[in-house]
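From first to last, the protein sequence lines are chains Z and L. In terms of my numbering, the first sequence opens at residue 1 and continues consecutively. In terms of my numbering, the second sequence opens at residue 1001 and continues consecutively.
Be aware that one or more of the hints could be misleading.
[What the hints assert, rightly or not] Chain L is nowhere near these chain Z residues, computed Cβ spacing over 10 Å in every case:
(1) D46
(2) E85
(3) V112
(4) I164
(5) G174
(6) Q215
[What the hints assert, rightly or not] Going by beta-carbon spacing under 10 Å, a handful of chain L positions derived as facing chain Z:
(7) Q1010
(8) E1017
(9) I1019
(10) E1020
(11) G1023
(12) Q1059
(13) M1081
(14) F1085
(15) A1087
(16) N1118
(17) V1125
(18) G1131
(19) A1147
[Said to hold, decoys possible] Chain Z side only, calculated, beta carbon under 8 Å to chain L, not exhaustive:
(20) Y14
(21) L17
(22) I223
Note that these hints are calculated values from the structure, not bench results. Virtual Cβ for every residue (Gly too), placed ideally from N, Cα, C.
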Amino acid sequence: MNEAIIPRLFRERYNKLAPSPKLFSKIIQEPLKPCIRINTNKIPRDEILSRLTKQGWKLKQIPFYENAFVIENADNDNRIGLTIEHFIGYFYMQEVVSLLPAVVLAPQKGEVVLDVCAAPGSKTTQMSQMMHNTGLIVANDNDFMRLKPLKYNIEKCGCLNVAITNIDGRVIKGKFDKILLDAPCSSEGQIRKDWKVLSRWSEDYIKTFSNLQKQFIKHAFEILKPNGILVYSTCTFAPEENEEVVNYLLENFENAKLEKIELKDFKFSEGIIEWQGKKFKSEIKKCVRVWPHQNDTGGFFVAKITKL
Amino acid sequence: MKIEMLKPEQRERILSELIERFGFDKKIFDSFEFYRTKDNIYACSRGAIETAKAIAGVQDLGFAFARFGVNLKITTNIVQMIGKFAAKNFVSVSEREAKRFIAGEDINLEKEQSTATNGFVIARVGNDNLGVGFLRGLILKNLLPGAKQLPTV
């Protein structure tokens, strides 16, 4: 990958924002190591670990989630994705940072959970196993074309506690114990996986998403039950799509309380409280920013909000 | 989508057919609820149907459990979950045959199966349940859906 294709504005922006900008620029040009999530809906964790280890796979435990592992000796031709174990759905290929929102939301047995933008289903299927295939997850996606892979993954992972809806996330009806809003975003944190992200990138593109995300988070908070938990996440670095959106919610709803997030043995930065002249509430520091060079992952943002 | 839970007698009839064919213990279905569409029986978690009724616009709940035909055909997704509990009508294949089965090929078996009679069977390698096939004599006809077929290593 040639650094020259990184847009100048992008570079300038994240030179100001990223901790250790040189390390950031370097790592975003390196490919990601694959990660698998053991699907406990289908097989006990230790049984599949033992099998994969015997086959020669070197697995490194993700510190904040016991069922996920980075494949240390993965090859370029995705051989682990072609094993019988993967065919049966004993494990699911999922990026490390993509595991974060469900871990922060921590859905429990019997709860009613909404996944607002669910396709292709990585977080839905993760939550299904965290709930021991009980309760109900409403896996919604507004894009009809993305329902097919969503359904495929739900079936493959043996998730019996999932209902699929195809509704604009800004008008969904119902009342939910917990809501995961992994919002559509400019996907800057996906650069290591897909360089095309940069070809679409512009500050106007970010602003468009920011406006949409504010509408999404407002409605998600409205349909959350009292004492319910909302997790807002994106796979982007842009403060307009992250801290600014959470700040918008806090300014508009007095009963929205931002919670501190604990992630064991995983490095991250706190949310920023000022960006391009805009000042955010000081509690925005409780948000979590994951930079790619902090743990050798993709980039991510997570916030946890309780409805008082 | 209107989702109505199967009545107890309908549930009993469906499960009886599968229990008779595969020797499942009835208890494994205790955590399942069932509803039907025109051609399929769907399974979901206990309590999910009642909860889902309060949600507008549900298109799917759980997933297909069995399809109607001359005989009831259990689906590959369900077999991969509960196939390990089948006491009969499974066909054990070698690892090499398993890879061919996963790739969508029919399998010519070397000898008659003591664990299976002609009809729908579960294809199994070791303790892993791959999916559904149709056994006729020494031929295991592959019934894996196209979207599931995969070349494996």
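If you check each hint against the structure, which ones fail? Checked against the structure, the hints that fail are numbers 2, 3, 4, 5, 7, 8, 9, 10, 11, 14, 15, 16, 20, 21 and 22, while the rest are satisfied.
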